[in-house]
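S.K.: Construct the entire structure; sequences and hints are all you get.
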Amino acid sequence: MNAAVPDPDESTVLPSAQSSAPVAAATPRRRSHLADRLRLFALMAYGLVGAFGLIALRVPSLKRRMTDQDLSSTLLSPLSDGYLLGTDVLGRDFVWRLIGGLGVSLAVGLSAAALSIGLGLLLGILGGFYGRSAAATTSVLIDLTWAFPAILLAIVFAGWLGPGLRAVVLALALTGWAAFARIVRGEVLSLREREFIAAARVLGVPKRVVAVRHLIPNLIPLTLVMSVFFVATSIVAEAGLSFLGLGAQGSTPSLGIILSDGRDYLTVTAWPVVLAGGVLTGLVLLLNSLSDSLRDRFDPHRRHDA
Amino acid sequence: MRYALGRVSYAVFILLLASVVTFLALRATPGNISNSLINPATTPPEVIAELRSDLGFDDSLPKQYWDHASGVLTGDLGFSLSNRTPVSDLIKDAGLYTLALAAAAFLIAFGLGVPFGMLSAINAGGWFDRVLRLACSVAQSIPNFVLALVAVLIFGVKLGWLPVSGANSWKSLVLPAVVLAAEPGALTTRVTRTAVLEELGADYTRTLRSRGLTKRRINWIHVLRNSLSPIISLGAVQIRTLLGYTLVVEVIFRWPGLGTKLVDAVLDRDYPVAEVLALLLAAVVVGSNTLSDLLYRWADPRVRLSKSDT
Numbered sequence: 008m009n010a011a012v013p014d015p016d017e018s019t020v021l022p023s024a025q026s027s028a029p030v031a032a033a034t035p036r037r038r039s040h041l042a043d044r045l046r047l048f049a050l051m052a053y054g055l056v057g058a059f060g061l062i063a064l065r066v067p068s069l070k071r072r073m074t075d076q077d078l079s080s081t082l083l084s085p086l087s088d089g090y091l092l093g094t095d096v097l098g099r100d101f102v103w104r105l106i107g108g109l110g111v112s113l114a115v116g117l118s119a120a121a122l123s124i125g126l127g128l129l130l131g132i133l134g135g136f137y138g139r140s141a142a143a144t145t146s147v148l149i150d151l152t153w154a155f156p157a158i159l160l161a162i163v164f165a166g167w168l169g170p171g172l173r174a175v176v177l178a179l180a181l182t183g184w185a186a187f188a189r190i191v192r193g194e195v196l197s198l199r200e201r202e203f204i205a206a207a208r209v210l211g212v213p214k215r216v217v218a219v220r221h222l223i224p225n226l227i228p229l230t231l232v233m234s235v236f237f238v239a240t241s242i243v244a245e246a247g248l249s250f251l252g253l254g255a256q257g258s259t260p261s262l263g264i265i266l267s268d269g270r271d272y273l274t275v276t277a278w279p280v281v282l283a284g285g286v287l288t289g290l291v292l293l294l295n296s297l298s299d300s301l302r303d304r305f306d307p308h309r310r311h312d313a
Numbered sequence: 023m024r025y026a027l028g029r030v031s032y033a034v035f036i037l038l039l040a041s042v043v044t045f046l047a048l049r050a051t052p053g054n055i056s057n058s059l060i061n062p063a064t065t066p067p068e069v070i071a072e073l074r075s076d077l078g079f080d081d082s083l084p085k086q087y088w089d090h091a092s093g094v095l096t097g098d099l100g101f102s103l104s105n106r107t108p109v110s111d112l113i114k115d116a117g118l119y120t121l122a123l124a125a126a127a128f129l130i131a132f133g134l135g136v137p138f139g140m141l142s143a144i145n146a147g148g149w150f151d152r153v154l155r156l157a158c159s160v161a162q163s164i165p166n167f168v169l170a171l172v173a174v175l176i177f178g179v180k181l182g183w184l185p186v187s188g189a190n191s192w193k194s195l196v197l198p199a200v201v202l203a204a205e206p207g208a209l210t211t212r213v214t215r216t217a218v219l220e221e222l223g224a225d226y227t228r229t230l231r232s233r234g235l236t237k238r239r240i241n242w243i244h245v246l247r248n249s250l251s252p253i254i255s256l257g258a259v260q261i262r263t264l265l266g267y268t269l270v271v272e273v274i275f276r277w278p279g280l281g282t283k284l285v286d287a288v289l290d291r292d293y294p295v296a297e298v299l300a301l302l303l304a305a306v307v308v309g310s311n312t313l314s315d316l317l318y319r320w321a322d323p324r325v326r327l328s329k330s331d332t
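Chains L and R supply the protein sequences, listed in that same order.
Using the working numbering, the letters of the first sequence map in sequence onto residues 8 to 313.
Using the working numbering, the letters of the second sequence map in sequence onto residues 23 to 332.
Hints are computed from structural coordinates only; laboratory data are not their basis.
Hints should not be assumed to be uniformly reliable.
[Stated by the list, open to error] Short, incomplete list of chain R residues facing chain L, as computed with Cβ under 7 Å: (1) L175; (2) G266; (3) A300.
Please read all numbers here as calculations on a predicted model, not as lab measurements.
Just so you know, even glycine gets a beta-carbon here, dropped at the ideal spot from N, CA and C.
M.R.: Below is the structure:
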């Protein structure tokens with residue numbers, strides 16, 4: 008389930024193959040500034056709409072617009088009867104459904120990414136910098152986590168906490184961190200051998216301080232790239248779990264729920280699937296492209312070629 | 023050899039832990055099968071208690087785990103609690119479907135990804151390369167359930183060419199396999215392209231050229247072979263990705279495989295089925311990781327000969 012398990016690992020598992028290879032040499036890497044600006048603008052638009060949706064979900068009068076049903080005008084196509092994007096099977100306005108859906112995506116994406124990144128950093132540094140037993144423990148934890156698909160964990164959490172967005176965030180964070188911890192550990196292992204770390208250690212700076220003052224700042228570029236990536240994968244995963252009925256429940260406007268409702272009426276109208284699918288795919292495309300170009304920017308091998 | 027042994031015993035250890043974790047996680051979820059077998063509101067409590075003790079729920083957790091684990095080790099996988107079929111039969115039936123689906127997707131992903139990535143690298147910067155790279159970013163960004171819906175819409179609803187659910191003929195396999203293969207295929211293409219580009223710039227390629235080998239021979243034999251290691255290690259990751267995605271894709275296309283069975287079993291608290299299936303999944307993932315580590319060392323002498331075995 009990419010859906011459910013957007014596998015954070017794949018584009019990152021092969022850091023050596025993917026990020027440091029001098030691909031750029033043969034690739035026209037020079038992106039026009041215009042395209043960069045357009046992407047930034049589009050992402051900001053998504054962010055603003057999402058933030059507005061998040062606020063609207065908390066304001067009863069606005070939330071009602073997302074959940075109020077009007078059975079006299081159901082499954083309308085866009086631009087009919089004064090509905091810009093049409094209505095769903097219960098006559099709810101698609102403009103508001105999508106705004107709310109983006110709000111949910113934003114909240115889940117950001118919180119799951121923040122938790123995965125935090126856990127991954129912590130355990131990656133522990134595994135790479137704190138001696139043999141810490142290294143062995145983190146390896147076992149990482150490999151154990153990797154053995155399960157996130158969907159399984161999501162189902163289990165849905166059982167414990169009751170199905171809902173909280174269970175989704177927890178399941179995503181508890182599976183996502185392993186991929187990041189693996190990369191961080193690799194990075195820390197190589198940083199550890201560098202002279203400035205050795206110098207700090209020789210001067211008697213405690214490990215904790217070295218980790219915070221010297222290791223973490225050097226991990227920032229990597230963390231930034233991976234954060235964007237995790238936001239994208241978490242958003243997809245939330246939609247996927249909600250699509251399967253394991254995520255957002257009831258009238259919560261999640262993109263996944265809009266899609267799964269849309270599936271039931273696919274023979275009648277394709278609009279719900281096209282709209283929600285398009286909004287979701289567009290967002291993921293933008294985020295993936297942002298994380299790719301961040302990676303290029305931070306990678307000296309690539310920057311040199313650009 | 024020693025490395026291989028160590029690697030395998032580590033894998034076994036991870037699987038053992040995985041089985042304990044699944045066992046505990048499932049039992050910690052509220053509700054149990056007796057609620058779906060009988061109606062707790064209308065059944066006398068004695069009957070419920072009897073059923074619970076029959077099913078072994080009254081034993082202590084370690085005893086329950088021991089019964090389960092010794093069963094698995096001796097090949098006795100137990101019975102499904104919901105319909106009393108032996109778990110081994112269930113796995114055989116559903117496993118074939120999942121295997122067919124995953125194998126088809128794996129073949130599509132690698133069968134197209136490797137040659138496409140190769141062609142893309144050889145023609146780097148050309149129109150084929152550009153179109154392919156655009157297609158790859160879209161294929162990597164579109165969530166598979168959205169792609170599934172689009173595929174159902176176009177080929178099932180609008181054109182009516184292919185069945186969109188069930189597993190009645192080979193035609194039923196087409197849509198789920200293609201949807202499943204989209205993202206891994208795009209990733210394979212990209213990784214192959216990167217690896218091949220790197221090799222194309224290597225010194226030995228120039229040497230081979232100067233010896234008069236044809237371009238085609240160099241590219242498709244020497245360069246491709248040397249580009250294999252990232253592709254192999256990608257393969258293992260892909261197996262994990264495919265398995266994870268299979269769960270969703272099977273549910274969407276109502277493909278009667280292990281994914282559908284697992285999701286149902288967890289939701290129904292059918293412990294024996296869920297535990298064995300989750301363990302099977304973990305075994306495939308851990309096994310493929312181990313295999314790829316070993317293959318990786320075989321394919322790349324530098325890794326094999328280096329001292330660090332970790």
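S.K.: Give a verdict on every hint.
M.R.: We went through each hint and held it up to the structure:
1. L175: holds (5 Å)
2. G266: holds (4 Å)
3. A300: Since chain L brings a Cβ to about 6 Å from A300 (chain R), closer than 7 Å, the hint holds.
The structure is consistent with each of the numbered hints, conforming to all of them.
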